[in-house]
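First to last, the sequence lines map onto chains A and B.
Under our numbering, residue 412 is the last one in the first sequence; the count climbs by one each step, no gaps.
Under our numbering, residue 412 is the last one in the second sequence; the count climbs by one each step, no gaps.
No lab work stands behind these hints: they were computed from the structure.
Be aware that a few hints might be false.
For chains that are exact copies, the list does not tell them apart, and a pair is met inside one copy or across any two.
Derived pair list, reagent style PhoX-like, types lysine-lysine, alpha-carbon separation capped at 25 Å [unchecked claim]:
#1 Lys173 to Lys50
#2 Lys248 to Lys173
#3 Lys173 to Lys183
#4 Lys248 to Lys126
#5 Lys246 to Lys339
There are 2 protein chains.
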Amino acid sequence: MKFNKVLDNLKIYEAGKPIELVVREYGVAPEDIIKLASNENPYGISPKVGEVLQNYINAMSIYPDDSFYELKKALAHKFKVDNKNIIIGAGSDQIIEFCVKAKTNENSNILMAKTTFAMYEIYSKQVGANILRTKSDTHNLNEFRELYKDNGADIIFLCLPNNPLGECLDKDDVYKFISEVDSNTLVVVDGAYQEYAKFKDKKKQISPDDLIKTFPNTIYLGTFSKAYSLGGMRVGYGIANEGIIQELHKLRPPFNITTLSLKAGIEALKDEKFVKESIEKNFKEMDRYIKFAKDKKIEYIESYTNFITLLLNNSISASELSKNLLKKGVIIRDLSSYGVNAIRVTIGTKFQNDRVLKIFNELL
Amino acid sequence: MKFNKVLDNLKIYEAGKPIELVVREYGVAPEDIIKLASNENPYGISPKVGEVLQNYINAMSIYPDDSFYELKKALAHKFKVDNKNIIIGAGSDQIIEFCVKAKTNENSNILMAKTTFAMYEIYSKQVGANILRTKSDTHNLNEFRELYKDNGADIIFLCLPNNPLGECLDKDDVYKFISEVDSNTLVVVDGAYQEYAKFKDKKKQISPDDLIKTFPNTIYLGTFSKAYSLGGMRVGYGIANEGIIQELHKLRPPFNITTLSLKAGIEALKDEKFVKESIEKNFKEMDRYIKFAKDKKIEYIESYTNFITLLLNNSISASELSKNLLKKGVIIRDLSSYGVNAIRVTIGTKFQNDRVLKIFNELL
Numbered sequence: 049m050k051f052n053k054v055l056d057n058l059k060i061y062e063a064g065k066p067i068e069l070v071v072r073e074y075g076v077a078p079e080d081i082i083k084l085a086s087n088e089n090p091y092g093i094s095p096k097v098g099e100v101l102q103n104y105i106n107a108m109s110i111y112p113d114d115s116f117y118e119l120k121k122a123l124a125h126k127f128k129v130d131n132k133n134i135i136i137g138a139g140s141d142q143i144i145e146f147c148v149k150a151k152t153n154e155n156s157n158i159l160m161a162k163t164t165f166a167m168y169e170i171y172s173k174q175v176g177a178n179i180l181r182t183k184s185d186t187h188n189l190n191e192f193r194e195l196y197k198d199n200g201a202d203i204i205f206l207c208l209p210n211n212p213l214g215e216c217l218d219k220d221d222v223y224k225f226i227s228e229v230d231s232n233t234l235v236v237v238d239g240a241y242q243e244y245a246k247f248k249d250k251k252k253q254i255s256p257d258d259l260i261k262t263f264p265n266t267i268y269l270g271t272f273s274k275a276y277s278l279g280g281m282r283v284g285y286g287i288a289n290e291g292i293i294q295e296l297h298k299l300r301p302p303f304n305i306t307t308l309s310l311k312a313g314i315e316a317l318k319d320e321k322f323v324k325e326s327i328e329k330n331f332k333e334m335d336r337y338i339k340f341a342k343d344k345k346i347e348y349i350e351s352y353t354n355f356i357t358l359l360l361n362n363s364i365s366a367s368e369l370s371k372n373l374l375k376k377g378v379i380i381r382d383l384s385s386y387g388v389n390a391i392r393v394t395i396g397t398k399f400q401n402d403r404v405l406k407i408f409n410e411l412l
Numbered sequence: 049m050k051f052n053k054v055l056d057n058l059k060i061y062e063a064g065k066p067i068e069l070v071v072r073e074y075g076v077a078p079e080d081i082i083k084l085a086s087n088e089n090p091y092g093i094s095p096k097v098g099e100v101l102q103n104y105i106n107a108m109s110i111y112p113d114d115s116f117y118e119l120k121k122a123l124a125h126k127f128k129v130d131n132k133n134i135i136i137g138a139g140s141d142q143i144i145e146f147c148v149k150a151k152t153n154e155n156s157n158i159l160m161a162k163t164t165f166a167m168y169e170i171y172s173k174q175v176g177a178n179i180l181r182t183k184s185d186t187h188n189l190n191e192f193r194e195l196y197k198d199n200g201a202d203i204i205f206l207c208l209p210n211n212p213l214g215e216c217l218d219k220d221d222v223y224k225f226i227s228e229v230d231s232n233t234l235v236v237v238d239g240a241y242q243e244y245a246k247f248k249d250k251k252k253q254i255s256p257d258d259l260i261k262t263f264p265n266t267i268y269l270g271t272f273s274k275a276y277s278l279g280g281m282r283v284g285y286g287i288a289n290e291g292i293i294q295e296l297h298k299l300r301p302p303f304n305i306t307t308l309s310l311k312a313g314i315e316a317l318k319d320e321k322f323v324k325e326s327i328e329k330n331f332k333e334m335d336r337y338i339k340f341a342k343d344k345k346i347e348y349i350e351s352y353t354n355f356i357t358l359l360l361n362n363s364i365s366a367s368e369l370s371k372n373l374l375k376k377g378v379i380i381r382d383l384s385s386y387g388v389n390a391i392r393v394t395i396g397t398k399f400q401n402d403r404v405l406k407i408f409n410e411l412l
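Just chain A, same shape as in the assembly:
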């Protein structure tokens, strides 16, 4: 059977290995596995969210309110925007998909950093668009400028902070850059890890209300998957001016988040204390990885997220190291598939980091 040609060239997203797979393939007992591969919040969910959801299980048979009214209202309040400025997605991934499919086609250029969130590329390839990447792995705005000046672009992706590397541009530099961009180019500011960045350094903070007021051609993406602990529930959002949101809504399938995801998102927004404490612990624990890297003279990228990327020198292969870690029940993310000899480690709990750093110490 013949399929569309664009499929020939598609790359499949490589997810962090799930615990179940390591049990199956490496025969490690589930209780001995530490997964620091997918940047989940290691402190689990807010107990308050858990309590509400436990009493809500029976709602599984009922479709959600497809307008997502209450969740949008809560987000609108938090970000000082209107419900009409918000679209809800099955993770912010899905908003990336809407942006690419609404705005680009096989004649489009899409501009992004060399090493950045894989879904930008995956969706771009689905529409057959041309991908322009900077030379530097991390975001380099001068390289963005040059590529944009020479080629133009229908979408520019800025991942702030950047997954999978962890670096983050300053807000002032980002604003200066966007001010030079044509008003018909959609600039996607992916803030999946913004909660971490702004906690560590106010200069990194991008506020969606100010962003979209200043630049009508921008969309801010946020997620519940990281600081808000709902990685498994697939809830993200986009914030933009109403005209953009209306167009994206045309591509949104009905019921694109589950009934329990909707409730969990609403409840998670009520417990900001839990989020703040998770973030505080994150950076305290991250310091131990930094100390380890410095002691071992391993290069790392300063991180504004809940993970740290260790750059390996030529004597160690990231794939080899990842396999050896798997055998010991430690799942981290091998960045070889991004073309970088590096590993990305989610910052775990103290208990997890104790064990992982001990194993790192043996292997590195």
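Add chain B to chain A, keeping to what the hints say.
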């Protein structure tokens, strides 16, 4: 800002009105609202599923096993196929999307019944494909044949039984039709309500293993949203030969169902007794609507599903009736947007049907 032209022509899916909206817009108390608009299983979830999920709430922070290994294994066992014959979607809707986007483009014809599941049209329009519809509202295979002979098609959608009308073709007729179709045309057999149809009449039963062995150019779609009670959790599946499944997987976003949805699906398959009892009660209760229609001389379509479609004569407008029902707290589906002066009523519990039939009796 300019967007792709294809967006100009898009139709948005009209979801059944959620209870929350009727509370907000009509001021009816939530406890007085009966929603029979979205063909959810009115008997809720299996208590066994509920129990397991209650102890699983904390997994919300963790991404699911993106291979969906265990769920596929359970489905493969149930349907006597291999894991490799299965793709999991956020509802079977998402598999429809994958099929359309993998197989068709703006040069394609897509063939379907005049009045059938709205998502076929919505995804077809997203790729700019040309939609061919039969003249008859319900599935008429001779009309399908004629349109196919005259125009060809890259995809043919057969909804068996058909949502939103409820009729169902016999398996033998379907097989004869597919045997006449070119092997490069993908025939989508949407079995979202098959559990109901095969319970009522064995002649309607289409078994995915036999279907895909007999016709390599077919895909069978199933869902957990109806008989398996997980409407709110968005889990569906496609069963086809490995070559087709591999192509569709290229369009599957990672983590396209939630961690709790995955678990709920696995558990729901373990309680077939609950499903069977729901279906038995469904048809027993449906008889009351049939009796009502006969008494009132209202035309209806014989239904092989968990809903019944009442065809209204010109003296009553479906939209007007729907509004009057809403004021009394009864949410059903007005089919005016499909171009039919009819209402679709999900068969509720005895308690719900008592009240709804009483109100119908006053208004019809």
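Taking each numbered hint in turn, which are not upheld by the structure, reported in ascending numerical order? 2
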